[in-house]
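Trainee: These are the residues of each chain, in order.
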Amino acid sequence: MTLADELLCVADTKLVMGNWLAETVMNGRSLPDYAAMLGMCTTSFGQTRALYQFLAPGYEAYSRLERGRDRDEICSMNLLDAPPRNWEDQVLTIWLAERATWTMMSGFLDHPDRRVAALARKIGEEAYFHLKYASGWFRLLVEEDESRAALEQVYDARLPLAADWFGPTDLEDPLHAAGERAVTPEQLRTSFLVDVAVELKSFGMVASAALTPPSGDWRDDARRRGPLPEGLFEVIRFKDPALAH
Amino acid sequence: MTISKGKRRPGARGSSTEARYYEVFGRTSSHDALTHLGSVEAPNPDLAQVRAWYIYDQHEWREMCVAPTDAFVPMGRAAQHTTIKAV
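So the sequence lines, in the order shown, correspond to chains A and B. All residue numbers for the first sequence refer to my numbering, where the first residue is 1 and numbers rise by one. All residue numbers for the second sequence refer to my numbering, where the first residue is 1001 and numbers rise by one.
If we strip away everything but chain A, and leave its shape as in the complex, we get (with noise of 0.2 Å):
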């Protein structure tokens, strides 16, 4: 895996999370709550957009990573590929969603190319809000009992999904070997589920989910399990290329 491979993989998972946040805004519970979860969107795609011009600078490289991929190219994590099923849901799976880009993040911020440290220092900045707000969230619904039960049960089914975006434990990290990244996916993430673990507990929550890996072939440049799911693909993807400017 190469650092635009790692990095494609933040931006696409920060395109769908931002499309989720577009989706789901509806569900939001008052005026307020809608602008933040818009204003968590906008700051999403500002992530992907950020990404995507590091990566490909000039137009037709730009045009071709924001809206000439098919859904085999499109590298996000498998954990948003099933749509939320309730706020609970929603609530959970961005902020699980959050942590573990800014976790992969993390390990960039003393990269040799202070553009890419300023890249990750920025998203970690962004993330601080994110997380808060999912945060907020977890306040409230521990309270209540109906809640609580459906915040165990999409933990149950969503942490497994999140652990296995930082790859199989035996593989080898050419980034960390090159000096480019701090720590390996390993040691990130350890760090990622002793953070959710430690947050959840604050809220009254333990956190003992188990990390069984989903089925299908791991994809190293892609870090995912399978193409992209049509439906999904069919929310993300830019519906008419020609009225790009």
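The hints are simulated quantities; they were obtained by calculation from the structure and are not laboratory data. On a predicted model such as this, the values are computed, not experimentally measured, just so you know.
SDA-like cross-link-like pairs, simulated, lysine to any residue; straight-line CA separation at most 25 Å:
#1 A:K132 / B:R1027
#2 A:K239 / A:G68
#3 A:K132 / B:E1063
#4 A:K132 / B:F1025
#5 A:K122 / A:S191
#6 A:K201 / B:D1046
#7 A:K122 / A:D195
#8 A:K201 / B:N1044
#9 A:K201 / A:R99
#10 A:K132 / B:P1068
#11 A:K122 / B:E1063
#12 A:K132 / B:D1057
#13 A:K122 / A:R49
#14 A:K132 / B:P1045
If the Cβ cut is set under 10 Å, some of the chain B residues that face chain A in the computed set are:
#15 P1043
#16 N1044
#17 P1045
#18 I1055
All C-beta atoms, glycine included, are put in the ideal place defined by N, C-alpha and C.
Given chain A, put chain B in place with the hints provided.
Mentor: Relative to the frame of chain A, chain B by itself:
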């Protein structure tokens, strides 16, 4: 995952889910005074911060903070009629 039980239902009086108003303040540079920007309604300080951050995003704030509206103590002769207002 298991979650500890015995918490109150959302909306119960005194529950952390009861919506409150928070006043929002910000300044764009360290030379500026902290300015009252407005208010947001939120059930807890985390959501108040996030809502304030995305609603009052007309400037790139150097500093921003929120405080519960009921933490402000009106004073003086007009205290009974004091309403916190955005400037």
